[in-house]
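2 protein chains.
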Amino acid sequence: MVSGPSGVGKDTLIKMLLKTTDGIYRSISATTRSPRPGEVDGSDYYFLSKEQFEQDILGGKFLEYAQYGPNYYGTPQEAVETRCLTGEDVLLEIEVQGAQEIKRKLPHAILVFLLPPSIEELERRLRNRGTDSEERILDRLSIAKKEIELVRLYDYKVVNSDINKAADELRCIVQAERLRVVN
Amino acid sequence: MVSGPSGVGKDTLIKMLLKTTDGIYRSISATTRSPRPGEVDGSDYYFLSKEQFEQDILGGKFLEYAQYGPNYYGTPQEAVETRCLTGEDVLLEIEVQGAQEIKRKLPHAILVFLLPPSIEELERRLRNRGTDSEERILDRLSIAKKEIELVRLYDYKVVNSDINKAADELRCIVQAERLRVVN
Numbered sequence: 567m568v569s570g571p572s573g574v575g576k577d578t579l580i581k582m583l584l585k586t587t588d589g590i591y592r593s594i595s596a597t598t599r600s601p602r603p604g605e606v607d608g609s610d611y612y613f614l615s616k617e618q619f620e621q622d623i624l625g626g627k628f629l630e631y632a633q634y635g636p637n638y639y640g641t642p643q644e645a646v647e648t649r650c651l652t653g654e655d656v657l658l659e660i661e662v663q664g665a666q667e668i669k670r671k672l673p674h675a676i677l678v679f680l681l682p683p684s685i686e687e688l689e690r691r692l693r694n695r696g697t698d699s700e701e702r703i704l705d706r707l708s709i710a711k712k713e714i715e716l717v718r719l720y721d722y723k724v725v726n727s728d729i730n731k732a733a734d735e736l737r738c739i740v741q742a743e744r745l746r747v748v749n
Numbered sequence: 567m568v569s570g571p572s573g574v575g576k577d578t579l580i581k582m583l584l585k586t587t588d589g590i591y592r593s594i595s596a597t598t599r600s601p602r603p604g605e606v607d608g609s610d611y612y613f614l615s616k617e618q619f620e621q622d623i624l625g626g627k628f629l630e631y632a633q634y635g636p637n638y639y640g641t642p643q644e645a646v647e648t649r650c651l652t653g654e655d656v657l658l659e660i661e662v663q664g665a666q667e668i669k670r671k672l673p674h675a676i677l678v679f680l681l682p683p684s685i686e687e688l689e690r691r692l693r694n695r696g697t698d699s700e701e702r703i704l705d706r707l708s709i710a711k712k713e714i715e716l717v718r719l720y721d722y723k724v725v726n727s728d729i730n731k732a733a734d735e736l737r738c739i740v741q742a743e744r745l746r747v748v749n
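Line order of the protein sequences matches chains A and B. Heads up, the final residue of the first sequence is numbered 749 in my numbering, and it's a clean run with no missing numbers. Heads up, the final residue of the second sequence is numbered 749 in my numbering, and it's a clean run with no missing numbers.
FYI, nobody ran anything at the bench for these hints, they're computed from the structure. Check the hints yourself; a few may be wrong.
[Stated by the list, open to error] From chain A, some residues computed to sit far from chain B (all C-beta separations above 12 Å):
| # | residue |
| --- | --- |
| 1 | GLU617 |
| 2 | GLU659 |
| 3 | TYR720 |
[Said to hold, decoys possible] A partial selection of chain B residues facing chain A, derived with a Cβ cut-off under 8 Å:
| # | residue |
| --- | --- |
| 4 | TYR611 |
| 5 | GLU701 |
| 6 | VAL717 |
| 7 | VAL724 |
| 8 | LEU745 |
| 9 | VAL747 |
| 10 | ASN749 |
[Unchecked claim] Cut-off 30 Å, straight-line C-alpha distance, at most; resulting in silico cross-link-like pairs (DSSO-like, lysine-lysine):
| # | chain 1 | residue 1 | chain 2 | residue 2 |
| --- | --- | --- | --- | --- |
| 11 | B | LYS731 | A | LYS581 |
| 12 | A | LYS731 | B | LYS585 |
| 13 | B | LYS711 | B | LYS576 |
| 14 | A | LYS731 | B | LYS581 |
| 15 | B | LYS712 | B | LYS669 |
| 16 | B | LYS723 | A | LYS671 |
| 17 | B | LYS731 | A | LYS576 |
| 18 | A | LYS581 | B | LYS723 |
| 19 | A | LYS723 | B | LYS711 |
| 20 | B | LYS712 | A | LYS585 |
| 21 | A | LYS669 | B | LYS711 |
| 22 | B | LYS711 | B | LYS671 |
| 23 | B | LYS669 | B | LYS711 |
Every residue, glycine too, gets a C-beta built ideally from N, C-alpha and C.
Start from the sequences and build out the full structure, keeping to the hints where you can.
Pasting the structure below:
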């Protein structure tokens, strides 16, 4: 599981990891929010209606789910468990609460937190993206500060100052975990 | 700490690790055996007299020591502890018993076992080295079989079938351990 504040470079690093490392299945989240331009159902997200999502909650079909504003987000359980059983590694990009919930259900799961070099640098990156309003940026920074304090709940931390170094470190974590002696 | 049977490629892999990874101090063992041609005191080993070695044992100067045939081998404590205190990583090439003894004294130490692809391949490599008598080769193979059973006492295992892959895996273990969240 990979967590980290908005703007830290999660998407880029995960794409680099999937390119360099075989045998990883990236879990696709379900959501009730509308697809953004270019987003594909079943590839970026499973886009569900609110009714369907709530039915799936009641059916126990999520490893974890959460509500942000008016929308649900969740991790479908079946796909993750099927891949684990076939010996594949499953990668989840997930926020801090969801990561903890899954760790309780799947104690052998490994948690990696991606950190910005500093809050100032994170702010600079969020502004450079140019996708968020001033209010949204301040909101994201405030969430980031709280999340970063929770790095102690994680197994590994990777500081993304140099993208290639951070990508190598993320790959090394996966490699090393695969080499662990399991008794 | 790196262990593995004779002929598995420990020396080569450790040299490759030290080339690709900064901040590792390779511990130099002490021994009472005579230097072989080309071996340098203080670089390959600390070559000590039997009297000096036994005095150092009594003085508590070894993290671990063992006797093989007529000779002592040991890990000097001070050099290891000094480097640990300055935040450097210390690399020990060490046999199974010694590794366990040090793990008891330094519980945060990480143990890596290097495995041959198979016993048959190990035998082929030992014969190809051409340095050992037939008796010595059979002796080494018999020790190897016993050692390999003890891989369960280790944190990580690396199979050396492809030297570059194994070197990358060893490097990844060091990298990943450096990224661990310590609470």
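>> Hints numbered earlier in the text: which of these fail when held up against the supplied structure?
In response: 3, 4, 5, 19, 20 and 21
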